[in-house]
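Undergrad: Listed here are the chains, written in short residue letters.
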Amino acid sequence: MNARHLAALLCALIAALGLAGCGGGETRVETGNREQVLHWGNGTEPQELDPHIVTGMPEHYILIALLEGLVLKDPATLEPIPGVAERWEMSADGLVYTFHLRADARWSNGDPVTASDFAWSWQRALTPSLGNSYAYMYFAIRNAEAFATGKLADFGQVGVEVLDERTLRVTLDHPTPYFLQLLDHYSMFPVHRPTLEQYGDPYQRGSTWTRAGHFVGNGPFALDQWELNKVVVVSKSPTYWDAARVKLNAIHYYPVENVSTEERMFRAGQLHITASIPPDKIAVYRKEAPQLLHVEPYLGNYFYRLNTQVPQLADPRVRRALAMSIDREQIVEHVTQGGQQPAYTFTPPDTLGYTAPPGFAYDPEGARQLLAEAGYPNGQGFPPTELLYNTSEGHRKLAVAIQQMWKRELNIEITLNNQDWKVYLDNVDNGHYQIARAGWIGDYVDPNSFLDMWVTDGGNNRTGWGDPRYDALVLQCAPAALEREARYRCFRDAEALLLEAMPVIPIFFSTRNYLRQPGVRGLPANLLGYPLFKQVYLQVGDVQSDD
Amino acid sequence: MLRFILHRLLQAIPVLLVVVTATFFLIRLAPGGPFSADKAVAPEVLHALEARYRLDQPLSAQYLSYLGDLLRGDFGPSFRYPGRSVDEMIFTGLPATAELGLYALLISLLLGTAAGVIAALRPNSAQDYVPMSAAMIGICLPSFLLGPLLILVFGIWLDWLPVSGWGNVPGDKLLPALTLAAGYTAYVARLSRGGMLEVLAQDYIRTARAKGLPEWLVVCKHGLRGGLIPVVAFAGPAFAGLLSGSFVVETIFQIPGLGRFYVQAAFNRDYTMIMGTTIFFAVLIVAFNLLADIAAVWLNPRLRQQYRKPAA
Amino acid sequence: MTGDPLAQAERGVSLWRDAWLRLRRNRLAVAGGLMLILLCALALLTPWIAPYDYKAQDLALGAAPPSAAHWLGTDTLGRDLLTHVLWGGRISFAVGFVATAVALAIGVLYGTVAGYVGGRVDAVMMRLVDILYALPFMIFIILLMVIFGRNLVLLFLAIGAVEWLTMARIVRGQVQALKQQEFIEAAVSLGLSRWTIIRRHLIPNTLGPVIVYTTLTIPSVMLLEAFLSFLGLGIQPPASSWGLLISYGAETMEEYPWLLIFPGLALSLTLFSLNFLGDGLRDALDPRIAKD
Amino acid sequence: MALLEVEDLSVWFHTRNGVVRAVEQVSFSVDAGETLAIVGESGSGKSVCCYSLLGLVPMPPGRIESGRARFAGRDLLRLAPRQLRAVRGNQIATICQDPMTCLNPFLSLGEQLMEPLLQHRKVSRRAARAQALELLEEVGIADAGRRFGAYPHEFSGGMRQRVMIAMALIAEPKLLIADEPTTALDVTIQAQILRLIAEIQARRNLGVIFVSHDLAVVADIADHILVMQDGRVVERGAPRTLFRDPQHPYTRKLLAASRRGRKAAPPPPQREPVIGIEGLRTWFSAPGGRTVKAVDDVSLTLYRNEILGVVGESGSGKSTLGRSILQLVKPTAGSVRLGGTELTRLNESALRPLRRHLQMIFQDPYASLNPRMSVFDALAEPLRYHRLASRRDVTAQVLALMDDVGLPRSAIRKYPHEFSGGQRQRIAIGRALATRPEVVVADEPVSALDVTIPAQILDLILALVARHNLSLIFISHDLSVVRYLCDRVLVLHRGKAVESGATEELWAAPQAAYTRELLAAAPRLD
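For the protein sequence lines, the chains are B, H, D and Z, in the order given. Quick note: the first sequence, position 4, residue 4 per the numbering used here, numbers continuous. Quick note: the second sequence, position 107, residue 107 per the numbering used here, numbers continuous. Quick note: the third sequence, position 264, residue 264 per the numbering used here, numbers continuous. Quick note: the fourth sequence, position 150, residue 150 per the numbering used here, numbers continuous.
Rather than coming from a laboratory, the hints here were simulated on the basis of the structure. These numbers were taken from a predicted model, which means no experiment stands behind them. In this text, a Cβ means the ideal position worked out from N, Cα and C, and glycines have one as well. Fair warning: there could be bad hints in the mix.
Unchecked claim - Computed spacing ranges between beta-carbons, pair by pair:
1. L143(D) with E333(B): 40 to 46 Å
2. A101(D) with Q83(Z): 53 to 59 Å
3. R199(D) with N168(H): 56 to 62 Å
4. A361(B) with D53(D): 28 to 34 Å
5. A361(B) with E44(H): 41 to 47 Å
6. P384(B) with N168(H): 48 to 54 Å
7. A361(B) with N151(D): 36 to 42 Å
8. D53(D) with E333(B): 20 to 26 Å
9. R199(D) with R252(Z): 45 to 51 Å
The following block holds chain B by itself, in its conformation from the complex (with noise of 0.2 Å):
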């Protein structure tokens, strides 16, 4: 290689990078802000864009915009709203639904949605060939459970019902107060049958059906592109009933996995929102730049699971003991930092006018005589017990924390242990652990979400802890209320059970923290972070932007 070659090569390769002009220029947000494209940070990378396959949260937000169900909710109130249902009635027992609807309602290739389509969907769903996890969304329905699980093979015994095209009866199992916010889940959005089987099996995954260019959907927004790793595209459908109310001319969805980079990329206006903040960057935010900031409660918390298994463990006065030697208000605001709230019951407050009184509280004192009768007075004795949690940074900082706390209130020695994710999970799933942490995010606006996943042997129970009363309170009690306030005291009094005998501790509740453009509107703060994609629009106010 001579000198000649050496210099081409130098200028090809500063040529193929593009050392030259960049920067100055309009950023995204701006071009975005003038065309009505919203440039959406959106997490990972969607695993799939098959609504009944798919179970995070990056696949929720686009398909919220590619399909709708029979009811919406108003991101206000998170009350329903007419969806492809233009109406509804409910039984006086609670039992049948029968939902209208709109005669205009069209998928993006111009067939119109119908009742059948619904139908056909929703024993898709349910196929067990299928391996929808969200199946159990559907159980309220009447032999909804025993279809998916393979025990009822004839789909008419369960309760859907085509009276005609328009309309649609569902008839349940037990009354459920909540079942119209899970219409709006994408577990129950329709698909298109002729689509699907023109792409492969409709009962088998692998098919390439929600392909762009393949993708029929009957929501406001149709998918155009969906570059692996780097975007997804959905722009206006023509389609869509309500299309004259849509505003958005497209959003562009980034699978940005790093939190880092999405502040960075946010920063430097290549997107309007992102999907969460680094925590360290939010008391900067919060000084500097408070209207990017978004703090919004969520219906979400965090609690560290203890294996009652483990003989330490096994005595409730333990458990309490570290429940009550934990200083909540000191991590919500030194560790966390995020406008979390402490925790002391396992349902956050307000959950559909729902909440539970606190089950305990910041106690040393009382810890230290708790641990004291237990049999380890000022912590003598009490055997080495690890805590366990996947690994990341805020994770880690909050074990820390803990673990100090622990060590000076009561004494004991904690060990920590970070594990890789399915490590992690291996562990928690066969018991394999003392103290774990964990979160956890309802499916829908109402304590049973919280609650019931701590009947004994629940799939998510995970702590060995069982209790029958409380079992028989969260199964019988509250199903079989009919009214509200029944219903609640059926799960106030199980939640003052779970914490009497703290098989998890509760440390706080979450809130969705991420940072959004000033241009951004229609976007009220919720405490499921859902967004109505036909109600946003993008206008850079009155205030002229700087520079």
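Fit chains H, D and Z to the given chain B structure using the hints.
TA: For chains H, D and Z alone, coordinates are given in the frame of chain B:
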């Protein structure tokens, strides 16, 4: 030469077979399956998924059917991204990673060689220490640190270059390529310095000077070729290693590349994807080792007749 | 061999003493060596000289820039950074040196045998290296952790088990070149066994490149340790290491730059010291360089 | 007015270990068409002296302390680098000792050949190529067009040196500096190259500075001779006067080294065979399925206390023959018997204990000693390994060996790099003797050594053969050395033994044509 290449290609077959077999069984030993999730998955759902992906069969049967698929060129469907095949994902991610790797390699070769050559011209002087120390910084500044640092300076404070993306706007490839190149630059600089020191002491360099050639021509034309031989030996395996090495850079700069799949597949226990990327990586290693050997022969005419053995 | 004036001037000193003498005259190498000794001493003395208990936190204080009370500032949990850099140095030095030593031992031996024996044995051995290169590293680490549990020794082994591959390649190349030298043929004609030739004649002569590679490996091993810690194999909080401090510091480099700068400086200082010492050692130990 | 006039040139090297005065106050001049020979051992400053004129001495550590070098009206020592570059390769060209190391192995010969032209003359590549081809024909390379793109390693040593000469001449310089241009070549080739230089010099009226360590080589070609020692000119004069009446003792020593006589001692009377070689063949497969017959059907018997010379040019297979006898290379066919044992049938582990009876002394004492083993280690290793010495008396035995080969006892802890070439060769000989061998193969043991050293080593070998009752196979390309040392001679040519016989008989009446050619080509001082 042809025989040599054929020989090495033949050797590659058992290598790949061992890699496939070992990886196949190792990943199944790792705790946590592809479908485990935070929210408990219902047993019947799990059964349906396992049946779908043949995970309910005995391991040996799974292995044999996987080998069968492999022979037909089918890497199978991804478990994590059920709508996509592993083949498709590898070939979607490959161009960006290959391009990134190529740029990084070229940058590290250029900068590293430049530093090494400049340093070798006056060993143990400031002209040696300054460029070598600069190159060495690449090791102290791992990409998870250098990337954000470069973005901060050039993307945000100076606003010269985009902070993320790949091929969207001009200039967005420069920072990632530089970031990835940094670590390799130090190695290239050291290797080329050593190589050049040795070559510049050779008699034929004096011959070139005696011909009255200007110094740059002496160094670039007569010195560089021999001095770069150790660099070439390093560059082959290093380029193959860029696939897994580019994970961090791809994540930081939001590049739709293969490196992310390679690492995420392991985190997700996406068995078929792990297998696919690992096999791909193994092929790359074999190929680039071979290429490095061929390049060494190409660079060094003397080696061309070295393949001589005693006739037993 | 023509005009070689220095050779005459340098007569009369033995290799090792001469090496030591020349090393001492190499000011950079001496500075590097002294710095390493200082860092090692600090690491060893940490329990006595660290200004704070490494577990002590002051949540209300949070991340504070350097001050009289905390010379290097505090981290987001209000822990003294100087204390953590000192304790982290212990771990990083142990990991860096032990893991590299493991890699060195395996790599040098393996590479020498492959390079010297050559032929089919070499082919098989090098293909084995290819295989190990190709196996997914993360899965390997996760399995190690699952099978053997978590401890420091395992961490050293895991890192050593990865790093030796490159070392083996380098040494093999070196040995292949050495093998052609007449002194190896001389050793064969003396009737020495292969093992004796490898041990006494080959390995000592591969020192140069090995030293250089080693000085580059130690710092990268220190950073690799952080990655393994994220997978759960490494050390656990509240204990720390430079690798971990740097990766945490990188996350908050804008808000709390001191959390990145000081651990980063410590690592860089080590790298440069090692590098200068390594170069000095290599030059001092190579009689061929000694002549010009 | 002379072409080049050098006055009072001093070049010193300022190293960390002090100042080395490589060239001290040297003056000389060269006229067009005239040849100046500078003769001396390595380290005498003869090369430094020439290269410093062209600024080719590395600076630092080198520094020109004083002097003038007038060439074409300018002082070379005071030219700016750019001006000096215009002189180099253009008006003053150089030929160096070993064309293998002086030609760039990575570039084709044609490319290297054209370089000076492209650099100094405004010519197109095409014109340069034409001129280069023409010149290649002139220096005697047939079929130049086809070989233009070949690489140095594809040429033989003599051919390479021809290319080197062509490269030096291509820009039509006025002065040629030839630094030991024939030292690395075989005798017959050496004669051709010397003739070539002389012809070209005459044709082009070149001034030539011919640097050599061998007075015999320069005898025929030099107009003036400069003898240098330790950086100083110790004697100068026309060859005839210098040879007839050398003034300085050093000159006399050099002359003695070039005028080696015949073997003094008569051949040993008793004829006890030690090693018998029958039909030995060592073939290598080369690329393209060819077979290189390095040793082809050689038979010989070596008797006790005898020195057998093996003579041949490079590539004749003499080294391979030596290595095949020692089983360092596995022969393809034939038999090698040591005592009653057939060595070719033994595998490596069976061979290992026998190896101590068969030892080798290598050509290059720099390469054949482990740079990281002290004299003690190098000599003690075989003693210990073969259990020839107990732990207690190993030091005594090492010291005895050192006495034997003439190494000072004080050097026992030193390392090879601290010794001169001759002393290193003594270490290597000591190592070979340590195992108390019966047969020693010495492969060109003195050809890498300086002028005055071989005599000492050869005398040492003679003494040791007698003292230890050795049988020695002495491989060499240098006929004078062989005649001085050997009882019998075997002439190898292309792997085959063309002639063998008692040394003086062979010298007196060579039978084979090849032997005659060989003997005729050897430079002589008389």
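Undergrad: Compare the structure with each hint and give your call.
TA: Here is how each hint holds up against the structure:
| no. | hint | in the structure |
| --- | --- | --- |
| 1 | L143(D) with E333(B): 40 to 46 Å | 41 Å, holds |
| 2 | A101(D) with Q83(Z): 53 to 59 Å | 56 Å, holds |
| 3 | R199(D) with N168(H): 56 to 62 Å | 58 Å, holds |
| 4 | A361(B) with D53(D): 28 to 34 Å | 29 Å, holds |
| 5 | A361(B) with E44(H): 41 to 47 Å | 43 Å, holds |
| 6 | P384(B) with N168(H): 48 to 54 Å | 52 Å, holds |
| 7 | A361(B) with N151(D): 36 to 42 Å | 39 Å, holds |
| 8 | D53(D) with E333(B): 20 to 26 Å | 23 Å, holds |
| 9 | R199(D) with R252(Z): 45 to 51 Å | 49 Å, holds |
Hint compliance for this structure: every hint is met.
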